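Sequences are here, hints too, so could you generate the full structure?
Chains as they are written, first to last, in this note's numbering: chain A, 1 to 313; chain B, 1 to 313; chain C, 1 to 313; chain D, 1 to 313.
Possibly wrong hints are sitting among the right ones.
Copies of the same chain look alike in the list, so a pair counts if it works inside one copy or between any two.
[Said to hold, decoys possible] Keeping only pairs whose Cα atoms sit at most 27 angstroms apart, straight-line, the calculated DSSO-like set for lysine-lysine is:
hint, residue 1, residue 2
1, 304, 150
2, 150, 10
3, 299, 152
4, 110, 288
5, 181, 10
6, 110, 10
7, 181, 110
Don't read these hints as lab results, they were simulated from the structure.
Note that the coordinates shown come from a computational prediction; the quantities given were computed from them, not determined experimentally.
Here are the chains, one letter per residue:
There are 4 protein chains.
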Amino acid sequence: MNQLSLPSLKTVVDEVFREAGAIDAGNVTTYIPELARVDPALFALSVCDASGAMIDCGDTRHSFTLQSISKVLGYACVLECFDDETIMRHVGVEPTGEDFDSIIKLDRHKRPFNPMVNAGAIAVTDLLLTRFGAEAAERSLDFFARLIGKEKLSVDEAVLASEQRTSERNRAIAHLLRNFKILENPVEDVLALYFRHCAVEVTTCDLARLGMTLANGGCPPGGGDPVLCPETLRKLLSVTLTCGMYNYAGQWVFEVGFPAKSGVSGGLLGIVPGRYGIGVFSPRVDEKGSSPRGVRVQKRLSAKLNLHMFAPD
Amino acid sequence: MNQLSLPSLKTVVDEVFREAGAIDAGNVTTYIPELARVDPALFALSVCDASGAMIDCGDTRHSFTLQSISKVLGYACVLECFDDETIMRHVGVEPTGEDFDSIIKLDRHKRPFNPMVNAGAIAVTDLLLTRFGAEAAERSLDFFARLIGKEKLSVDEAVLASEQRTSERNRAIAHLLRNFKILENPVEDVLALYFRHCAVEVTTCDLARLGMTLANGGCPPGGGDPVLCPETLRKLLSVTLTCGMYNYAGQWVFEVGFPAKSGVSGGLLGIVPGRYGIGVFSPRVDEKGSSPRGVRVQKRLSAKLNLHMFAPD
Amino acid sequence: MNQLSLPSLKTVVDEVFREAGAIDAGNVTTYIPELARVDPALFALSVCDASGAMIDCGDTRHSFTLQSISKVLGYACVLECFDDETIMRHVGVEPTGEDFDSIIKLDRHKRPFNPMVNAGAIAVTDLLLTRFGAEAAERSLDFFARLIGKEKLSVDEAVLASEQRTSERNRAIAHLLRNFKILENPVEDVLALYFRHCAVEVTTCDLARLGMTLANGGCPPGGGDPVLCPETLRKLLSVTLTCGMYNYAGQWVFEVGFPAKSGVSGGLLGIVPGRYGIGVFSPRVDEKGSSPRGVRVQKRLSAKLNLHMFAPD
Amino acid sequence: MNQLSLPSLKTVVDEVFREAGAIDAGNVTTYIPELARVDPALFALSVCDASGAMIDCGDTRHSFTLQSISKVLGYACVLECFDDETIMRHVGVEPTGEDFDSIIKLDRHKRPFNPMVNAGAIAVTDLLLTRFGAEAAERSLDFFARLIGKEKLSVDEAVLASEQRTSERNRAIAHLLRNFKILENPVEDVLALYFRHCAVEVTTCDLARLGMTLANGGCPPGGGDPVLCPETLRKLLSVTLTCGMYNYAGQWVFEVGFPAKSGVSGGLLGIVPGRYGIGVFSPRVDEKGSSPRGVRVQKRLSAKLNLHMFAPD
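This is the structure:
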């Protein structure tokens with residue numbers, strides 16, 4: 001199909017943003033107490049193209065924490081640092097058909113199904129700790145910053161502290177991973193880094209730039225050298241596509257048709273290969289941990305701009 | 001990337017065929033007794049492009065039964081006949097993370113996860129029976145023939161009879177679907193049609209043509225009107241991509257990166273959007289029901305011809 | 001403890017009956033349509049001692065169908081006819097921790113956990129069919145009659161026909177058992193006999209006599225030769241104790257402390273070794289398939305008459 | 001049946017001990033490294049009757065750690081300290097049909113099934129910590145000592161330290177219990193007490209005395225005031241009967257027919273109401289965590305001395 005010119009893209013984006021803003025569903029996450037303090041009415045959308053042109057709607061300057069979107073970045077880092085065989089011993093690439101924090105399958109298979117569920121991301125974090133030791137936090141955040149296209153990332157220390165205090169389920173998962181000899185480092189060290197990644201602050205502009213970088217062969221929008229090797233990108237997009245939306249992943253491919261990743265803080269990252277990076281934020285999330293407004297935005301953009309990977313040209 | 005010219009494509013295909021022929025793994029399926037009678041040494045590969053040009057290697061004239069590859073065709077037929085909402089009431093679109101004939105998830109969720117597992121394909125078959133009644137077998141086989149590009153399809157009656165006699169597990173699944181009010185028609189009627197679809201005879205050329213048709217916006221290779229509407233195709237390829245290779249689907253997207261479907265008779269259909277249709281046949285299958293030679297062929301073709309959906313250009 | 005004299009036993013029984021009659025909970029079973037036609041207000045209690053003395057309260061002449069209580073009788077018959085090893089190949093003796101018609105565990109372990117869940121009772125019925133062939137219905141009902149102390153048992157043909165038509169879940173279980181090579185006979189033959197056993201008509205007096213026979217070393221109340229060998233009795237009471245009340249069995253031993261078996265028609269059989277046989281009937285059952293009034297009656301009788309197996313003397 | 005006189009009891013016990021000593025099966029537990037250091041050839045049997053008379057065979061002076069047998073004592077303590085309703089909020093009384101350290105059911109039901117599996121015993125330990133605070137270790141060990149009939153119990157500090165270091169799976173379970181709001185105290189505090197209970201040192205004589213006390217209405221063999229109230233005893237024996245042998249419990253009641261509890265150190269406690277207390281020790285255990293020699297001893301004693309609860313007199 002013929003590319004829409006930027007003005008008309010703006011018209012579509014504005015319209016989709018307005019339409020999705022009418023959705024009144026979902027609740028602010030409360031299991032991490034600090035997340036419960038956010039204004040539920042916040043709503044932002046940014047779309048970035050390969051030239052670096054950015055279309056912004058709503059509260060795009062409000063920053064929020066990455067939460068599970070950090071799983072994409074952590075896995076990218078591991079894919080750059082380790083060979084496939086080593087990674088596969090610690091975490092697979094199969095969708096689970098279960099909730100994001102499921103323990104049942106983990107206990108049966110003794111290896112996390114994929115890096116987009118908590119167990120898998122904890123295993124990924126352990127690999128980073130094994131590789132970088134005391135420098136793991138600094139090194140991984142530098143890597144994340146490079147992907148996002150910022151000098152430096154800040155961490156929401158209040159959210160970090162809140163997660164540290166309350167994440168009994170993640171502790172259970174981590175100890176189970178120790179039991180299965182998946183984790184090499186002490187549970188609290190691994191979780192401290194895992195929660196730090198979750199607590200990285202971003203805006204929808206950051207997500208849109210990140211999405212465009214991943215959509216563009218690893219090259220930052222507007223030009224520059226690739227920040228990821230092609231192999232990493234191929235694997236990363238594959239796993240994000242099949243596992244990124246948890247047990248909604250099949251429906252997501254069916255309806256939207258490009259890789260995306262949601263976080264319980266209400267962020268949603270969309271990656272449209274060769275086309276756009278999309279960042280949405282709305283802190284009200286559904287029982288699967290995705291923002292209804294964010295999901296609607298991505299669905300409508302996919303339909304209106306013909307972004308589905310199997311859409312006819 | 002620049003298209004390889006057809007002669008060099010032939011070189012690649014020949015090389016991949018020769019290399020995969022060295023694999024000595026898997027066993028002929030025995031749970032359907034009639035399938036056990038096949039010569040395990042048979043091996044064939046056909047690759048078709050949009051022009052209709054076909055590259056053939058090995059026993060490409062040997063016909064075999066579709067088995068689970070028929071699930072793609074049955075679902076296509078249902079997508080053309082029913083609205084999404086009706087279909088979704090009978091079968092979802094999520095990968096299961098379980099074996100192809102799993103009952104556990106079905107019993108918990110009371111609806112088949114997707115149309116590529118047995119439970120889902122049985123639900124799909126029931127919908128066809130509801131729609132076409134006594135003409136369902138004729139109508140669905142006509143539809144299959146149109147997709148494959150043949151006048152008429154034949155059915156291997158010995159295999160059909162063999163499955164009819166031995167498929168206690170599918171009977172269990174079908175009665176459970178009756179229990180959940182998913183099936184409207186009598187179990188034996190539904191299974192008779194389901195087994196008939198599984199027993200349709202094809203060659204690798206047929207699969208390659210079918211694959212190219214699905215890869216080409218529904219248009220038969222060499223030209224002609226589309227046999228499927230674009231919406232059907234988008235949904236069909238999405239579900240085939242995420243669910244077609246069962247609990248190997250994530251690994252498949254990771255490594256191969258285009259939709260494919262395997263059958264326990266040893267057939268394997270590959271669909272490379274905009275590029276190729278691929279048919280492989282080798283009757284020795286692994287414990288997940290896929291042919292190791294077929295899997296290897298698709299992996300190598302993907303790598304050598306850069307067919308992965310997220311491969312750099 | 002000193003036995004209560006019969007008059008004071010009657011006082012206790014009357015009081016317990018009156019008290020339990022005040023319970024307003026549970027619903028008449030509807031998944032077997034014919035069972036839904038019963039008067040929900042019916043309520044009966046019979047207690048029999050070793051001398052054959054019977055205390056009756058309420059609608060003790062109303063007959064109802066055995067349903068799952070027949071599982072005790074079928075298993076008794078099998079224990080008399082086969083050696084342990086053969087029986088154990090077809091059905092185990094472990095509580096499941098799952099619902100009475102669970103399929104999950106069956107699919108994992110490929111053998112029914114115990115004869116008190118549907119899968120196990122269907123396997124038991126298959127053994128009877130293997131042993132007695134065309135005479136299985138007559139022979140097993142004669143055996144049941146002998147245990148209950150009647151010349152002949154009648155079958156509620158309307159309930160039988162109703163179950164035959166609607167039991168898709170049991171059909172699924174039976175086909176799965178065929179798939180696992182547990183069943184040797186055709187599914188419909190096995191289910192026909194299984195449903196026939198379920199549809200045997202009894203009164204609470206019959207249950208109380210049956211219970212007393214099992215409580216009395218197999219000797220009919222009032223005297224006579226034992227109708228079961230001691231080994232059968234030991235095994236039968238053991239399995240009834242640990243598995244008879246499904247996933248309420250642990251709670252039952254904890255609170256009541258003697259073997260019992262419930263049926264979805266609302267019957268409840270209590271067996272107090274050396275003391276009493278108890279029959280209760282109230283057609284309103286809870287979500288676990290037991291009658292709340294029946295459960296209350298047994299609990300109160302246990303407490304007031306000190307019937308718990310681990311009660312202090 | 002008529003009681004065997006003590007001399008002939010000794011003959012039976014000696015014979016059973018000799019016979020069971022011929023069993024060459026099972027392995028010393030290695031997942032707690034310190035347990036792996038034991039001499040696998042050790043074998044001891046003690047049988048105590050109500051008079052306090054004790055029959056000893058083999059290495060009855062060798063002490064070993066209670067491990068899971070401590071679950072009986074911990075639950076007894078909780079039954080004496082809390083009302084049923086409070087206890088039931090923290091731990092149920094149903095057999096699981098799963099392994100002793102299963103997580104699957106816990107995650108589904110969000111409450112441990114019973115106090116004889118690890119999750120349930122950890123919940124029980126938490127209740128003791130809530131009740132006794134800093135004195136919990138001293139108070140509970142004093143209570144254990146009273147039941148066993150000793151002044152004071154010693155703890156194997158090497159085994160305790162070994163468990164502390166290695167029990168990642170129990171940590172996972174405990175954090176999951178925190179996640180479900182079952183545990184009120186910090187995980188490490190609860191586990192420290194739990195492991196301490198597991199590491200209490202006993203001999204087979206101690207187990208036999210303990211068993212006889214529980215078999216004798218809570219009265220120590222040879223006379224003395226009861227150390228448990230009748231209600232506690234009734235509940236404790238019920239749960240030990242239905243859940244004490246894990247997913248072997250049904251088989252145990254079927255074949256042996258009295259309450260028993262095994263530990264991975266190789267100890268096995270048998271409680272024959274009104275008759276005997278039995279202690280066996282053999283450090284080689286099977287995959288279900290029970291000693292094959294211990295199991296054989298209990299089975300043979302049950303058969304030869306007619307100890308099954310449903311045995312004919």
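Checklist entry - When the hints from earlier in the document are held up against this structure, which numbers fail? => result 1, 3, 5, 6
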